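Engineer: From first to last, the protein sequence lines are chains U and X. Note that our numbering gives residue 246 to position 232 of the first sequence, counting from 1, and the numbers run on in steps of one. Note that our numbering gives residue 311 to position 307 of the second sequence, counting from 1, and the numbers run on in steps of one.
Incorrect hints may have been included.
As the list claims (entries may be wrong) - These stretches of chain U come out as covered by chain X in the derived footprint (C-beta under 8 angstroms, 3 or more residues):
no., region
1, 194-207
2, 213-224
3, 323-336
Keep in mind that the hints were calculated from the coordinates and are not lab data. In this text, all values refer to a predicted model and were calculated from it rather than measured experimentally. Even glycine gets a Cβ: it sits at the ideal position worked out from N, Cα and C.
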Amino acid sequence: MKSIVISDVKLSDGSSVSIGMRDGVITEIGAQISSDYDETILGTGLTALPGFVDLHTHLREPGKEDAETVLTGSQSAVAGGFTAVSAMANTNPVADTAGVVEQVFRLGKEAGLCEVFPIGAVSKGLMGEQLAELGAMATSAAAVRIFSDDGKCISDPLLMRRALEYVKSFNGLIAQHAQDPRLTVNAQMNEGEISSTLGLAGWPAVAEESIIARDILLADHVQSRLHICHVSTAGSVEIIRWAKSRGISVTAEVTPHHLLLTEDLITGYDPIYKVNPPLRSQRDVEALRTGLADGTIDIVATDHAPHPREDKDCEWAAAAFGMTGLETAFSVVFTAMVKSGLMSMERLVEVMSTAPARIAGYIGQGSLAIGSPAHITLVDLASDYPVNARSHLSKSSNSPFNGLVLSGRVRDTLFHGVAVLRNGTLTGERFA
Amino acid sequence: MSNLLSINDLTLDQALGILRTAAELEKLTEGGAKKLPTLRGFTIVNLFYEDSTRTRISFESAAKRLSADVINFSAKGSSVSKGESLKDTAQTLQAMGADAVIIRHGSSGAAARLASSGWIKASVINAGDGTHEHPTQALLDAFTIAKRFNLLNNEGQIFVGLKVAIVGDILHSRVARSNALLLTKLGAEVTMIAPPTLMPVGVAAWGVSSDYSLDNRLAEYDVVMMLRIQSERMTDSYFPTEREYARRYGLNSERLGKMKESAILLHPGPMNRGLEISAESADAENSMVLEQVSNGVLVRMAVLYTLLGGPTMVDEVVKA
Ligand SMILES: [Zn+2]
Numbered sequence: 015m016k017s018i019v020i021s022d023v024k025l026s027d028g029s030s031v032s033i034g035m036r037d038g039v040i041t042e043i044g045a046q047i048s049s050d051y052d053e054t055i056l057g058t059g060l061t062a063l064p065g066f067v068d069l070h071t072h073l074r075e076p077g078k079e080d081a082e083t084v085l086t087g088s089q090s091a092v093a094g095g096f097t098a099v100s101a102m103a104n105t106n107p108v109a110d111t112a113g114v115v116e117q118v119f120r121l122g123k124e125a126g127l128c129e130v131f132p133i134g135a136v137s138k139g140l141m142g143e144q145l146a147e148l149g150a151m152a153t154s155a156a157a158v159r160i161f162s163d164d165g166k167c168i169s170d171p172l173l174m175r176r177a178l179e180y181v182k183s184f185n186g187l188i189a190q191h192a193q194d195p196r197l198t199v200n201a202q203m204n205e206g207e208i209s210s211t212l213g214l215a216g217w218p219a220v221a222e223e224s225i226i227a228r229d230i231l232l233a234d235h236v237q238s239r240l241h242i243c244h245v246s247t248a249g250s251v252e253i254i255r256w257a258k259s260r261g262i263s264v265t266a267e268v269t270p271h272h273l274l275l276t277e278d279l280i281t282g283y284d285p286i287y288k289v290n291p292p293l294r295s296q297r298d299v300e301a302l303r304t305g306l307a308d309g310t311i312d313i314v315a316t317d318h319a320p321h322p323r324e325d326k327d328c329e330w331a332a333a334a335f336g337m338t339g340l341e342t343a344f345s346v347v348f349t350a351m352v353k354s355g356l357m358s359m360e361r362l363v364e365v366m367s368t369a370p371a372r373i374a375g376y377i378g379q380g381s382l383a384i385g386s387p388a389h390i391t392l393v394d395l396a397s398d399y400p401v402n403a404r405s406h407l408s409k410s411s412n413s414p415f416n417g418l419v420l421s422g423r424v425r426d427t428l429f430h431g432v433a434v435l436r437n438g439t440l441t442g443e444r445f446a
Numbered sequence: 005m006s007n008l009l010s011i012n013d014l015t016l017d018q019a020l021g022i023l024r025t026a027a028e029l030e031k032l033t034e035g036g037a038k039k040l041p042t043l044r045g046f047t048i049v050n051l052f053y054e055d056s057t058r059t060r061i062s063f064e065s066a067a068k069r070l071s072a073d074v075i076n077f078s079a080k081g082s083s084v085s086k087g088e089s090l091k092d093t094a095q096t097l098q099a100m101g102a103d104a105v106i107i108r109h110g111s112s113g114a115a116a117r118l119a120s121s122g123w124i125k126a127s128v129i130n131a132g133d134g135t136h137e138h139p140t141q142a143l144l145d146a147f148t149i150a151k152r153f154n155l156l157n158n159e160g161q162i163f164v165g166l167k168v169a170i171v172g173d174i175l176h177s178r179v180a181r182s183n184a185l186l187l188t189k190l191g192a193e194v195t196m197i198a199p200p201t202l203m204p205v206g207v208a209a210w211g212v213s214s215d216y217s218l219d220n221r222l223a224e225y226d227v228v229m230m231l232r233i234q235s236e237r238m239t240d241s242y243f244p245t246e247r248e249y250a251r252r253y254g255l256n257s258e259r260l261g262k263m264k265e266s267a268i269l270l271h272p273g274p275m276n277r278g279l280e281i282s283a284e285s286a287d288a289e290n291s292m293v294l295e296q297v298s299n300g301v302l303v304r305m306a307v308l309y310t311l312l313g314g315p316t317m318v319d320e321v322v323k324a
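When you get a sec, could you build the whole thing from the sequences and use the hints?
Structural biologist: Written out as structure tokens, the structure reads:
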């Protein structure tokens, strides 16, 4: 394996260093380091960050390979600077057995571009009725730690209680997609003045907030850990802030699109903006930004949800929910949060890498410490560029950011010390 | 203006232009007895994804009275019902040389998608999209009101001083949305009346007031528009029973008697007699239901004329 040095690169605190790695592990960081490396990556003008870690990724394989595969999703991930993604369980078949999670895990290893950690379903077939074999998935080769019925809410309070309790024996984590199904029958967009004017069925904030409140109380009652997926409303932020002030073990994620986009974009009925939970109001966006900056919200997660073209090239109600996000996540978070002055680069590293790695227990991710695997992303903070969804490596191009000018661009990604992405282009190399 | 997707597409002058064109067309066709050659050679497609014989026939008559060729493309029993996408259908219609597509669809925004996605070059007319809008219904209602109160020759906001109540399932009604936008644009004071469960969130943003009671100010309204209530709203717990709905929000003969003598009663049809409207009210002297139907053809002629004929043609008609 080649030894590599990244020379003259900045860290998130602004200091200039060189980073050396041998056998895929970081061996030296400092202003002055030894010089006998096989290859030098010139880091001038770039910033080195620990590879990003996504806890919410829809890779669509098995079952929807026309939208994405584990390979194309991995390519998209490294193009976005991610060195670990978490494959959601709502595939076909559902990832509710050791067999399916091991298959996804193996496909990730074969792709060799980033770590692919399968998420297991909480309930059999995502039906919300019976627990899936959580223990078998936890002890499988995939060593699943996060369980989620994402796409669907675990609405039965008893099943939710049992799931929260059961995973304690292997330190698992339940990630809830908070959406009361009865309050969101046929829901199409955020409930408010705009949904009323457009005649689209409303998805009220309370449908999210009531589930979050309930689950926080349940997690406290059974003394387990709870993770809230894609928090989207100001009220949810308030409830989570309250829970944390009480010392309840809850973590929360926000998506890049909920940090930047609002429901006003929907007035033309373009389904590119159709997503679940829906885009909300400016007031919600501001509360989410504040919550992410002050630590109420722990992490950014993409909810990367690729869809084939025909699923968006239709009328609003017929279109699928979801947006791609891996390749724009860093730029969106940098633009919305750091460039705007709401948080520091150190906090960005925390929310996109360190904290998700810690929450999920992904050992070796989220760190640039000597001795850690060399999972490194180089970004150019001075770059402003228009997003071009067609150039994305994801198999799908349903990006709501297409055409927007964003700041901060991922240039290079190293996975186990292998440069899988250079100057925004896949090198063809992989970690075997 | 090449499409009519929402009342928001119309300026006040454009809306008045359509109403006045309808009045002129009424004279020119001697109340619809005569055909005009204006749209000879034009192909107009009725693309109906929902059954609505009344609306389809109204558009068809309007197009034929202007000598256009009409193709009826019903979703029932065609490739459309076999899962063909709106996009594919649109491209087929484009290949057939359609000059205008009149679309009725169960999804809000379907007309807007058809017009803005580059699938088709034809003019698009929204004949009702989901729970969004039904602009030609609002235009025909406004025309009916204007004729009845003799307001068409006024200038600017011709409905200033007029009080209109729209009663019923406001939440799911495309007729209510389009009427709220158009009648307020024309200067009317509009009140939405519905049980709270059927009142949209933030309805005040439409420039209207709202009331949960039909009886509160019934004697003040110049126009009472009753909306059709669907019985499935009851199973979805929007109200307890049909009987209770009829009692609280139905226009029965007792309420009819409390209305202003000069007030008129509108209903977009089809009516549920005995539910939102009693038989006596439906057939009352001040019920404009049949006028609405005949005015519908005239207003739709005016819309086709305006969209396909262009402004000079309209000016000629208006001057004629
Ligand atoms: Zn979800």
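Engineer: All hints, please: hold or fail.
Structural biologist: Now for the hints, and whether the structure bears them out:
no.: 1; hint: 194-207; result: holds (count 4)
no.: 2; hint: 213-224; result: holds (count 4)
no.: 3; hint: 323-336; result: holds (count 7)
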